[in-house]
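Take the sequences, apply the hints, and build the full model.
Chains as they are written, first to last, in UniProt numbering: chain D, 1 to 347; chain X, 1 to 347; chain B, 1 to 347; chain H, 1 to 347.
Honestly, the hints are just simulated from the structure, not real lab data.
If you're wondering where the values come from, they're calculated on a predicted model, not measured in any experiment.
Heads up, some of the hints might be wrong.
No copy is singled out in the list; a pair is fine if it fits within one copy or between any two copies.
[Stated by the list, open to error] For lysine to any residue, the following SDA-like pairs were computed, each having C-alpha atoms within a straight-line distance of at most 25 Å: (1) K200 <-> D32; (2) K200 <-> T132; (3) K200 <-> P77; (4) K200 <-> R167; (5) K200 <-> L109; (6) K200 <-> F26.
Protein chains: 4
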Amino acid sequence: MLLSLRPDADDAQLAALRALADEGGFELRFLDERRRVAELVGARGPHLRSRLEDLKVVREILDPGQARELHERNGRPDTVVRIGDAVLGGGHASLIAGPCAVESRDRLLEIAHAAHRAGATVLRGGAFKPRTSPHSFQGLGAEGLLLLEEAREATGLAILTEVLDPRDVELVGRSADAFQIGARSMANAALLREVGLAGKPVLLKRGLAATVREFCLAAEYVLDAGNDQVILCERGVRGFDRVTRNLLDLGAVAHLKGATHLPVIVDPSHAAGRADLVPALARAGLAAGADGLIIEAHPRPDEARSDAPQAVSLDDLAQIAADARAILALDGRILAAPRRELVGKGV
Amino acid sequence: MLLSLRPDADDAQLAALRALADEGGFELRFLDERRRVAELVGARGPHLRSRLEDLKVVREILDPGQARELHERNGRPDTVVRIGDAVLGGGHASLIAGPCAVESRDRLLEIAHAAHRAGATVLRGGAFKPRTSPHSFQGLGAEGLLLLEEAREATGLAILTEVLDPRDVELVGRSADAFQIGARSMANAALLREVGLAGKPVLLKRGLAATVREFCLAAEYVLDAGNDQVILCERGVRGFDRVTRNLLDLGAVAHLKGATHLPVIVDPSHAAGRADLVPALARAGLAAGADGLIIEAHPRPDEARSDAPQAVSLDDLAQIAADARAILALDGRILAAPRRELVGKGV
Amino acid sequence: MLLSLRPDADDAQLAALRALADEGGFELRFLDERRRVAELVGARGPHLRSRLEDLKVVREILDPGQARELHERNGRPDTVVRIGDAVLGGGHASLIAGPCAVESRDRLLEIAHAAHRAGATVLRGGAFKPRTSPHSFQGLGAEGLLLLEEAREATGLAILTEVLDPRDVELVGRSADAFQIGARSMANAALLREVGLAGKPVLLKRGLAATVREFCLAAEYVLDAGNDQVILCERGVRGFDRVTRNLLDLGAVAHLKGATHLPVIVDPSHAAGRADLVPALARAGLAAGADGLIIEAHPRPDEARSDAPQAVSLDDLAQIAADARAILALDGRILAAPRRELVGKGV
Amino acid sequence: MLLSLRPDADDAQLAALRALADEGGFELRFLDERRRVAELVGARGPHLRSRLEDLKVVREILDPGQARELHERNGRPDTVVRIGDAVLGGGHASLIAGPCAVESRDRLLEIAHAAHRAGATVLRGGAFKPRTSPHSFQGLGAEGLLLLEEAREATGLAILTEVLDPRDVELVGRSADAFQIGARSMANAALLREVGLAGKPVLLKRGLAATVREFCLAAEYVLDAGNDQVILCERGVRGFDRVTRNLLDLGAVAHLKGATHLPVIVDPSHAAGRADLVPALARAGLAAGADGLIIEAHPRPDEARSDAPQAVSLDDLAQIAADARAILALDGRILAAPRRELVGKGV
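Shown next, in the form of structure tokens:
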């Protein structure tokens, strides 16, 4: 491991570095007389890197050597995550679709059937909703979870739903096939640890202004708890322009596909914030290498109780799925299809 | 309340607006034939605004009229928050100081005595630390809380410490005089509600990329739970430049002093991320109208286990307090002083 | 035209609004008693909107009505821009490729031949280079223009090159088939006016932190000078993360295709700043609807004198073109092909 | 000079580095076997750093050693810049005030007299205005320059005005005592070189999204042309929030005071974009260490033809100057006063 040190480091700072090296049984060598570059010989494991970065004397890690973190590609093949019929990673992509919030039984079932027909394999829907204002609709809670279970029963779609509070992980885990950690919760370590222990796939959304490294380290909390079923989701970062709600960072998607072994998907709905731009950003995300899409859809978007401007119609959803299959086929990738057929259940 | 509507709104969208108006007993009037501007006559209360913003048809609220939220100034005098000897708001400012993390008994007491001597009235110190990496030092936890209690006993300083997990609010509340909600937790509604119910002052830090409105609505969660002892803390937002860790938004501070009735303080330590710039940004924050400062200090910054580059020395802390008194005096404001005298307790 | 006015507007402010209405012969009507919303009946033309936005009393234009600017779609079909064999807009896309800077005759010819073989129709190459530091290589200047002419002669590719200084527009225009206005120059009105008058196509890059509206108004300077041969180029905006050089804003591309009649292309090279991510972002840009690509390529990227890390190899360029044809074919679009065949000219 | 190299550098890349070292007569040494860190022994002068940064093999300059650029502090005392009676740097601060644009003779003289009375020593006012839209008021041009000369004659205030086009430098230089380079022109190298050669002080505004290093290198263009009379002006960078027009970066101000020898001033008017916040940000800027302020003022802000919402009244301007004197006095600094007295010229 190669370290750039602060040029003005004093003895106390260097002593702290030496102590950490000794503690781990590593050899510390300075590469120049003025002690601006150091090598830690023999340094391994994910723990060291963060502790070194916390030292004042360490300006930057120039080369991590063998001190690799759990999310890093480091020669590993793709981690493939399965949620019901959905497969993500290793050349497989999946479509996750559904309403922003679970609003009512009939509407949820209508969307679930349409999502299934379009080719989605996972139904998304919020029972617990993270809202900017305490005065906004906060979701149906436990009742919403039961409706999601019913929709799974009816369609065979797996259920993805958000958990906001570490105290709800057990409750949500009884209904959901996978946990969603929203952008606002990306850095909620208590929550990340709980879902890490719960043993189900975790879809982790990038925080609104999270660097790619911070995003990876949030995933690291889940991995460090023993759960490697993590899907990274790029959903747009905060930008300065208002024609879209957020700024979809497809450079990060392309980077993450190389730098980590985890599947990466794109959420064009929250990125655009406008239904008319969702199909274009969905295509772009897959063309950039994403392993799937998560799309907000609604039979009558105008009546949605949250995030209405960004929900696509069910017809548009079918078109997005068709476009996805065509783009994935260009480099031999496959959109996972629902295995169970729905007979006579159309709405 | 005056609303700008989407020009392409269809009947379903307008019906949703009408339904909300009916539910609240308000009269809905369109100001032009093409229904691009509407007035809700009689609309009051904080709840309506968020629900209207969630409707697809509502492009923007042009004038909230009487539908005011709880954090809004709306003619109210300053809310004055007291934490031990600290007073914030209404022409009073306070200095909060301490280490980033509680590390050991001796060091904490040394800092606490120095902070008291400098003129701080509140001791800050993290027992539960929010860390980007699971491999970093996460704080001493409950043991850290006991050390903070001991420091209060020894100095008379009130205790401010961060709570990260709603399950810890009761535990932390037994030791702390005020809760800190960190930038990563600003949008953690479950946590905000719990501290809202706990009945102690809450120092709420602005999220890394939170708009001023999102910041105010996070405070609204605490206020809505019945607790108006909320201190807003500007600590820098994410910028694109690296000479400072974050970008201190003093325009937001000046705005918030007019737009809300809550006290507003500045955290120059996290904004700068460099000890050498902390005194300048501390002065600037008070000159912009802030009601106080929260400063990371450490007797030997080089040995701190987290955030070392931004901790000022104890001598610098005394200078920051002296500068604060001078700047506050320019417009007749006062830095709250510790009432209890420390005799023969110097370190 | 519908205007939202400042709620606290005084008589002088309203008089300024009335004077502007009178000057243009428009009728001014207030839609509510408190004069928070006004309508300008009969208001037309692009000039009014900017002048209204400059008035203190005007908070926002809610609906521009007939006061449309020249770049706006407003029902117009795609403007199709041709540069030599390149066609952009109206279902046609083109590939522009070449080195960052013109460095030497042999290297330029080598790249030009390879670009032609790959399917590019326009050769890009900087003779005058905008550099952050005065101590960096600033380009070959007029000598570089002659080398570009020679490359055109040899390959039939049209020439696109940047102009930085209004005094150079005539000189550059003698050699170039199209002008490039770089991101640093997007708001250089003097330069925009000069290229507007020069009567050749203009490729206008979005400024590093330009809003979409500012970008469109920069194009408006060229259009207002009588030249509608403007190609908008999204090249990434400044972000806070460092894994890519800039943040490619494909939401803006999708929006611009609907909101303007001008062709829109994508520059994945400057967006990524890393050659390994260029192919993915190139595919994503076309999938989002872009009418073409501009790619930096170099036979031996390691030896390039500027922007070396982002130049793709000539083999990668051929692959990018093949991918482009495949993606464009999915919705019936065509990549313009060089008409002139190169016989026995391979390098 | 210490360099971090790309870990995957091949022979061609290393050869390019060696060639540059040879060209300059420096010795190149690798500090580790794997050639990840190199030292250039004997490397001096400002030119080398930018050329090294352009090499693909160079990941980062860890320590510039003696290869210093012209703007760097590097032990130099403050450069003191004088414009008429204004003094900036070395413990002296100055107030620059005036309208956004020169609009008419009477109004300009009214403002100039008021600015003089308040304690300003320089009159700002735009004759050539950079405007986002071609349809906006573009300034009075040469006529505006003559009005500025007349105002100087009447008040003794020195004249600062913006130049946008390198072809206008001579014309503007005949009237102005100092050139302003606006934020949109910060990276306009042709313009920077021309004002560098013109031999008058240059007030250089930071670009909307310029890093501190890019800002310094823009100044370097002027310094490199032989003119060290450069004043750096922080005017707010583009942020994501709308309560202020821009985000004033006082951390950059504090940093620049240490890292460069040039005077640094603050423009609270463009930062805030709202007159009500200008006094607070003006105080904050000086408290952070700025050597002066540039303020937009207008006798009847409501009637200003550009940037009306941010112009302070002439009464507010006097208060800002009084606050400035008080804050500067806290650390022994002085606000330069106009030497010429105005007798019986009040308006």
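Each hint, compared with the structure:
Within a single copy, K200 and D32 get their C-alpha atoms no closer than 49 Å, and across copies no closer than 45 Å, so neither meets the 25 Å cut-off. Within a single copy, K200 and T132 get their C-alpha atoms only as close as 28 Å, which misses the 25 Å cut-off; across copies the closest is 23 Å, which meets it. Taking the shortest alpha-carbon separations for K200 and P77, only the intra-copy value of 21 Å comes in at or below 25 Å, while the best inter-copy value is 51 Å. For the identical chains of this complex, K200 and R167 are neighbours both inside a copy (16 Å) and across copies (22 Å), given an alpha-carbon limit of 25 Å.
For the homomeric pair K200 and L109, the shortest alpha-carbon distance inside one copy (24 Å) is at most 25 Å, but the shortest distance between copies (45 Å) is not. For the homomeric pair K200 and F26, neither the shortest alpha-carbon distance inside one copy (37 Å) nor that between copies (47 Å) is at most 25 Å.
The structure does not agree with the numbered hints 1, 6 stated previously, though it agrees with the rest.
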